[in-house]
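> Numbering (this note's numbering), first residue to last: 1 to 496.
Since the hints were derived computationally from the structure, they do not count as laboratory data. Be aware that one or more of the hints could be misleading.
What the hints assert, rightly or not - Here are the simulated DSS-like pairs of lysine-lysine, each with C-alpha atoms no more than 30 Å apart in a straight line:
| hint | residue 1 | residue 2 |
| --- | --- | --- |
| 1 | 283 | 468 |
| 2 | 180 | 214 |
| 3 | 180 | 345 |
| 4 | 395 | 131 |
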Amino acid sequence: MTSSEQTINRVWSEFQEAIFEEFATGSKNIQVIARAGTGKTTTIVKAVEFAPEASILVAAFSKSIEVELSKRIVHLGGRVVAKTLHAIGFGCIRRFWPDIKVGQGTDRVDDLVNRACGNSAPDTIKKLVGKLCTKAREMAPHATKMGELTDIALRFECEPEEGWAADGFGLDYVEEMALKTLVLAEEKPVRTGIDFSDMIFLPVRLRWLRPMYKMVVIDEAQDMTLTQLEIARGVCSGRVAVVGDDMQSIFQFRGADSDSMENLRRDLNANVLPLKVTYRCGKAIVREAQKWVPDFVAADSNSEGEVIELAEQKLTETAGPGDFVLSRTNAPLVSIAMSLLRAGKRTRVAGRDIGKGMISLVRKLKGRSVPDLLAKIGTWEEREQVRLEKRFAGKLDSPTFVARAEAIRDQAAMITSLTDGAKNVDEVTVRIEALFTDDGLGQAGVITCSSVHRAKGLEANRVFVVAKTLRETTQEEKNICYVAVTRAKQTLVYVR
């Protein structure tokens, strides 16, 4: 729960009153379009109090949201429960496999890949099969035919490097083996136990979903994959209420359905109710956000706030503890964070997994010195772009190609920035480990540098947005602009 939800005036808005009425007396499915900072969680908790259903599930997007919701619905007894969809899926599995355990590390996927590939495939190829196996279980649980995983393989970089195809280990091999792992995954894993992906995959693939709740409320529906939504709907015997913000749909690259809110409204034949009065953002910030979301409204009680501009060279001296620095891409954040650190300001870049990926690439390139590493980074970037263009020949405007090309450039630029002033390659990896973390982000004593995607759901009194990284070429890019500016409560600063 954000601070804006803690301070909502308990005189409910007309939009909230309409939602409560629909939960209390309506008979149709419901869709709530909840804009940023509008008190969504508070509204959900109050709305389920009015709902007459004897058993209600609030499907939470993450464990942290589940914990917060559970605290706030405890007064409703067992009639309303909050669970993640992974927890729901695990419960379904335990009905059929009562003694099943959750395995450790990568034991489960490693076992599936070894059984599918045998001893003939190189470890490099097995890692790609394992990566695609995991993504396929989460995003394409019904896949059985060649071609059904190709887009996922390309989107998540599961394609072998050039040269492997000549040995019979090209993309077709990776996809064929991943499909084989899906079949093997249907069998009860006695030795390894199941993993996180199985909790979504098995109930859907094996059709183990059964109605358990009279009503299901799906929170953050715009960020759900089709598989997650299938689980939520599969355990409901009555009304479904989906809650989310279609204009905060920014995770298409990760498998979320960018049109999920529209598709759900149509499929459910739902009554649509808006929730558009924000209690988070100052009025000036709301006016800025209205460029992308015209129906966004500030509560009368909100402060005026401010939207200002700042020259990039002034950022280091201006940013302070508790501030956010946001960028569409990660590369600009590295040089900004290093400047802030040199100025003696505690700074972190959100994304431990990003750091791990960079360290893996640096070690793979085996640069003997910093100049040698820089040369190899340049060669790697050029080679990867050429490979990508060949693979997407004739489809260079596809969202998958654009995202992959940007990720390659971003990674190369980040590593290049981190070599500045480094004495050797080991110092570069030490810098990466120190800078990229998910610990302490958003704390009062730390400046948090983050991509817009990772900042979604967070807020700060003052937010700096690196303006040159934003663009409005697609609806999803416009959504990213909206998400970026609405992280700010009092002061939005465009860094020019």
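> Determine for every hint whether it applies to the structure shown.
Now the hints, each set against the structure:
1. 283 to 468: 24 Å, holds
2. 180 to 214: 37 Å, violated
3. 180 to 345: Distance ~51 Å between residue 180 and residue 345 Cα, so the pair is violated.
4. 395 to 131: The given pair, whose Cα atoms are some 24 Å apart, holds under the 30 Å limit.
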